[in-house]
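Chains as they are written, first to last, in my numbering: chain A, 68 to 148; chain B, 666 to 988; chain C, 201 to 631; chain D, -13 to 319.
A hint or two may mislead.
What the hints assert, rightly or not - Only part of the chain A face toward chain C is listed, based on derived beta-carbon distances under 10 Å:
no. : residue
1   : A75
2   : I78
3   : V134
As the list claims (entries may be wrong) - So the derived list for chain C, only partly shown, Cβ under 7 Å to chain A, looks like this:
no. : residue
4   : M201
5   : T449
6   : N451
7   : T457
8   : L461
9   : V532
Said to hold, decoys possible - Label pairs and their in silico Cβ distance ranges:
no. : chain 1 : residue 1 : chain 2 : residue 2 : range
10  : C       : R424      : B       : K667      : 45 to 51 Å
11  : C       : E257      : D       : A188      : 56 to 62 Å
12  : B       : A911      : C       : D376      : 40 to 46 Å
If you're looking for bench data, these hints aren't it; they were derived computationally from the structure. Here a beta-carbon is modelled for each residue, glycine too, at the ideal position from N, C-alpha and C.
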Amino acid sequence: MNEQELRATVIATLKTIAPEVEEGDLRPDKPLRNQVDLDSMDWLNFLIGLHEKLKVDIPETDYAKLVTLGDVLAYLQSKTK
Amino acid sequence: MKMSYREAIRQAMHEALAADPRVFLMGEDVGKYGGAYACSKGLLEVFGPERIRDTPLSELGFVGAGIGAALGGLRPIVEVMTVNFSLLALDQIVNTAAALRHMSGGQFSVPLVIRMATGAGRQLAAQHSHSLENWYAHIPGIKVLAPATIADARGMLAPALADPDPVVIFEHAQLYNLEGELSEDFRCDITSAAVRREGTAVTLITYGGSLPKTLAAAEELAGAGIDAEVIDLRVLRPLDTTTLFASVKKTHRAVVVDEGWKSGSLAAEVMARIAEEAFFELDAPLKRVCGAEVPIPYAKHMEAAALPQAPKIVAAVRELLGK
Amino acid sequence: MIEFKLPSLGADMDQGTLLEWKVSPGDTVRKGQVVAVVDTSKAAVDVEIWVDGVVRELLVHPGETVPTGAVLATFDGVGETLLAPGATVRPAPPPPVARISAAHRISPAARKHAEELGVDIGHIAGSGPDGGVTVEDVERAALAARAAPAATAAEAGPRRPVTPAARKRARELGIDIETVTASGPGGAMLLEDVERAAAPATPAAPAKDRQSEMRRAIAAAMSRSKREIPHYYLAETVPMKSALDWLTTINTGRPVTERLLMAVVQLKAVALALKKFPEMNGFYRDNTFQPAAAAHLGVAISLRQGGLIAPALHDVGEKPLEQLMRELADLVKRARAGSLRSSELSDPTITVTNLGEQGVAAVYGVIYPPQVALVGFGRIAEQPWAEKGALSVMPAMTASLAADHRVSDGHRGALFLAELRELLQQPEILK
Amino acid sequence: MIAPPPSAPVPWEQDFAQKLLFDMLRIRRMEEKCAELYGEQKIRGFLHLYIGEEACAVGALHALEPDDSVVATYREHGHALVRGVSMNSIMAEMFGKVAGCSRGRGGSMHLFDAATRFYGGNAIVGGGLPLAVGLALADRMLSRPHVTVCFFGEGAMAEGAFHESMNLAALWQLPVLFCCENNLYAMGTALARSEAQTDLCAKAASYCVPAMKADGMDVVAVHKATRLAAQHVRDGLGPFFLELQTFRFRAHSMFDPELYRDKAEVEAWKQRGPLHTFSARLKAEGKLTEEAFLALDARANAEVQAAVAFAEAAEWEPEADLLKDVHTAGAAS
């Protein structure tokens, strides 16, 4: 899966949780949870969405690595090679 | 004990005739024929033709005679087949029965009970379908009752006969076939209205034949989350305004259901009383659902369109609440 | 074959009891012949048959009561041609309603809809293909009818339509009618409008959409709570290291779909604590406290477009964490989709709010009447921790309690929070 | 009391005689069909049938002019039919259809037809009598040579309306033909149990109104008597009282178990039925063959079938017309 498709999938999954999100507004380098109002339930549902779409497992210990959108994309890129 | 409204009336008369020799029943076809609505079936065989008297078709005549007999110390029950025929006897009721006590300076009393069927619903067309309880409820000097349940049909006659002044009892023709349980304690007063269903959002006020339709409307409204209180007037003169005002204080809204024609109807009187004495409790205009102002037509769907029906009551309440 | 039905023998007759058959199967009968005797509410009546024929089968037996129109017996026509055409089986008459004259055709759906809305179909112009009246026509007529009073009210000139009850209440509460927004039908100002205006500083939202309706409901509840419930507030700092570690070990090895959130651990702890402190769990009505039999926790859920709702998670103290997690996830989804059951809104016996995730240290909430307590959880964050003279870094959280002083006192409140703190440090009990 | 003219032999040609017979057959078949339709709940409300009394309406109404006025009671199907109201519109009215002679609003007891000056049925016993007096008063004041005939049962004679109407008509010498169809039973009460004076002609005499009694089961007798009475009234000699002694073969109405008269009495009168006595006499006098009778009967039955089909197919009145005609259109309501 190339980078373009990965990014589109992540954004689509995020929009199922927070429909009001506009792709253009998302800055890849700022913490995601500051830009989008996601409580712990939303965050868990976001991970579940990625797991179902990309068939990738994200252990809880890795949560700390996934702060910005860029982190998430890089992490998933490595996991889906 | 399960019985019909008609059977309850019959038992009440049987008990009255047995209890007091002064009591006798008079009217068209009450004896041999057993009553136009079969309410006096079998009484002739038990009490004989002297006390179960068939009359010719002379309503003015035998109602006047009933008044005279009451004056003479008897306790007559006069059956005028329907309110439609009572129009021929209205003069005797208004100008003699109702007025005599006052007119004579308190010397005479007329302990007379007049029973008559009323209302529409059986396609009997204009001349046989009137609801004129309001004409009688207008007359000072008489009491007017409207038994709408089996218990009231059974319980109201005794206090009516005991009353020293004339009492007119209206039995809606559609209620005769009503079936139901009669509890032991059917003894009742003839002064108060009854709350047939508790509620908080609106007070539905009705009487006689319209009670079943009003209760059905209340059930339908409950389904839509509107909790309606239903009041059965029971006594059309004098009106039990205490019960009415208490309910309006609680719900702040009132809809009156009355089969009679709207202009000058009993509904108009109930609304006037509420407006006069519970005005500041009102959170919405008073509303009523009455018969269309037309001679009742024969065709089934036209008659139904002319009469109050449950859907019309529900619609009136919804409009009142803006829901 | 001819069906012989119980005829209506009078205006007042709905049913009849068969007393006696005058014929038996195989007999031939002539038009006008009495074939049965039926008892009505009045007397026994002879019943004639209106066709020549032969008795085939008697379906109803003496003593049975049947409604008018019920088939009593079947006959065979004798030489069908002898009978005048159309005299045999009579087609059922079409229901009267369906045969309105061509000029006034109306669809059954429209007729039913009209009856529901109490609209007189006679006065509706049909826009349907054949000039018939459609459901839309009825809708339009209903709206026009409903709007009509508004028009007249408006035309009533400057005098605002205020109901007597509203005017009286405004006098009692010292409210100036001019400042009150009317919400009643036809623009009338109602009792509730005045009462809402009386509530401190929460202007009623004029818009009628769901959002403002929820805002008005929250405003009314919160105002009433502040007006009627004497709140007292307590807070306690809870070390969360053991709970966090326990949760991480539980979640490792579990697929993401089965992982547990700290929220359910906290909810379970509250539910178990309530078992020892029943005066925090119940309703205050008609000046008396009614303790609740079970712990139905109202979970405060924020909605994306704003607003807050606290539907109930039932019997939290009796369920394993996995079940609570599934139920919580479903509750949040439905809350945000607006498809909660009415019981879920009315059942909570206490409310728990978890604003901590949005980065708030502590939260002191307003109790939801008629409940009598509210527990708040702040953010879990690392902070310096001194214990037995030694300094360390401890992930900790502030747990707070708002309670109704009519029902419980600060002393009992403090013991409740202490119990909560102990439970949160032994997560295995919360399993 | 004036003696009625002798009835035998039938003094008219075959055509007129068969016309009278045919009209009686039309009434009989129509009323039989109504009883059946009531059982099927096509006709509702109250229904009072004229079976057995056909000779009265046929005999009497054939003695009147088209511009005369007719007032009847709730047992008026036969009168309306003979007077010229179509069987289609009568049947449609009983079905409650808008094509009925009263737009479906009246039903069985309220048939009206302005064209034939048929001022209708009336459900109130005696209710039509004062009306007839008024119609006659108008004819008299506008000097129109018309007669107003009002039909009523002997039960009406217990109502004040009868006595007040007789007195007014006699006092003002009004052109009213009081036609009493005495069927011996007022609803459930036999005559003897409702009237002190059972000689109805004597009652009429007490108002100085000439009276005559005729056999209501014999169409010839009724027709002859009515011709005499109508001439008297038309000549301005004041009102006339005609008592037609008859018998209704069926119950008072569809809901009357007839406890008050026994089956034997009914059967006895049936032997004197107007239809078969008159057809027997016509056959005996060579003015009718069996085939001709069957043909007349078949025509009558066909007319009934057509009327039922017409009524079934006719439309219902639209609910929107509920309030129409409460007042005259255009007048300030």
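Going through the hints against the structure:
1. A75: 21 Å, violated
2. I78: 17 Å, violated
3. V134: It is violated, given that the least Cβ distance between V134/A and chain C is near 14 Å, above 10 Å.
4. M201: Hint on M201/C: violated, closest Cβ of chain A at ~66 Å, above 7 Å.
5. T449: 10 Å, violated
6. N451: Hint on N451/C: holds, closest Cβ of chain A at ~5 Å, below 7 Å.
7. T457: Holds, about 6 Å.
8. L461: Holds. Min distance 5 Å.
9. V532: 5 Å, holds
10. R424/C x K667/B: 45 to 51 Å: The hint (45 to 51 Å, Cβ to Cβ) holds, given that R424/C and K667/B are roughly 49 Å apart.
11. E257/C x A188/D: 56 to 62 Å: 58 Å Cβ-Cβ, so the 56 to 62 Å window holds.
12. A911/B x D376/C: 40 to 46 Å: 31 Å, violated
Violation of the numbered hints given earlier is confined to hints 1, 2, 3, 4, 5 and 12; the remaining hints are satisfied by the structure.
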